[in-house]
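Colleague: Build the full structure now, drawing on both the sequences and the hints.
Chains as they are written, first to last, in the numbering used here: chain Z, 2 to 113; chain C, 13 to 129.
No wet-lab data here; the hints were simulated from the structure.
All residues carry an ideal CB built from backbone N, CA and C; glycine is no exception.
Check each hint, because a few of them may be wrong.
Below are the DMTMM-like pairs computed for lysine to aspartate or glutamate, each with C-alpha atoms no more than 20 Å apart in a straight line [stated by the list, open to error]:
no. : chain 1 : residue 1 : chain 2 : residue 2
1   : Z       : Lys100    : C       : Glu65
2   : Z       : Lys100    : C       : Glu63
3   : Z       : Lys43     : Z       : Asp84
4   : Z       : Lys100    : C       : Glu87
5   : Z       : Lys57     : C       : Glu117
Covered stretches of chain Z, going by a simulated chain C footprint (3 or more residues, C-beta under 8 Å) [said to hold, decoys possible]:
no. : stretch
6   : 41-51
7   : 82-94
8   : 104-113
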Amino acid sequence: QKEVEQNSGPLSVPEGAIASLNCTYSDRGSQSFFWYRQYSGKSPELIMFIYSNGDKEDGRFTAQLNKASQYVSLLIRDSQPSDSATYLCAVKLYSSASKIIFGSGTRLSIRP
Amino acid sequence: DAGVTQSPTHLIKTRGQHVTLRCSPISGHKSVSWYQQVLGQGPQFIFQYYEKEERGRGNFPDRFSARQFPNYSSELNVNALLLGDSALYLCASSLEAGGMGEADEQFFGPGTRLTVL
Chain Z
2 QKEVEQNSGP
12 LSVPEGAIAS
22 LNCTYSDRGS
32 QSFFWYRQYS
42 GKSPELIMFI
52 YSNGDKEDGR
62 FTAQLNKASQ
72 YVSLLIRDSQ
82 PSDSATYLCA
92 VKLYSSASKI
102 IFGSGTRLSI
112 RP
Chain C
13 DAGVTQSPTH
23 LIKTRGQHVT
33 LRCSPISGHK
43 SVSWYQQVLG
53 QGPQFIFQYY
63 EKEERGRGNF
73 PDRFSARQFP
83 NYSSELNVNA
93 LLLGDSALYL
103 CASSLEAGGM
113 GEADEQFFGP
123 GTRLTVL
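Modeller: Here it is in structure tokens:
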């Protein structure tokens with residue numbers, strides 16, 4: 002079992018709709034959770050982090066964390082063509098270091 | 013404020029050669045992490061350094077080494093290059109290592125694209 006699992010996609014969503022991206026993780030000791038956006042040929046860009054159960058909202062983005070189910074998700078409201086990218090879920094394991102484990106990413110395509 | 017910078021942007025080497033990649037963190041950040049990203053995969057953790065000390069190491073062979081300097085910049089060295097080392101090498105900086113919340117956020121540089129022939 003992979004430590005961080007994501008559906009590779011592509012996930013196709015019409016412009017203006019809500020895009021829902023999901024991620025599961027295997028280590029119950031995980032303490033922080035991150036969503037990165039990566040455009041083709043570019044480096045990952047941090048969108049949000051969350052470390053408490055529940056929802057965290059930032060603009061059009063909402064991260065949701067359920068530690069009991071070992072599940073984290075990202076919702077993108079009012080999807081725009083510029084949101085088309087690969088979204089990487091990342092998990093930080095509890096330790097003295099900030100070792101972050103990434104999933105393989107979900108490709109999101111917003112169709113006009 | 014300048015973000016994380018990396019050099020060079022692209023590099024072509026042949027098998028068996030050695031390579032050094034460089035990274036300068038965001039001003040005020042004391043921690044630097046290195047990642048390898050092959051096409052179609054997420055970044056894989058190689059090293060983390062904080063205050064010039066190694067704080068974490070991923071599952072990479074001893075051919076990979078790194079260090080951090082007093083100004084918090086960092087180098088990643090790879091010896092005896094193999095074809096499989098071809099990848100995008102990413103450097104990320106954060107305020108601290110092992111922190112929580114904002115101190116934990118890692119910001120990536122543009123990466124170095126290494127091609128091994």
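Colleague: For a quick check of understanding: which of the numbered hints are violated here, in increasing order?
Modeller: Structure breaks no hint.
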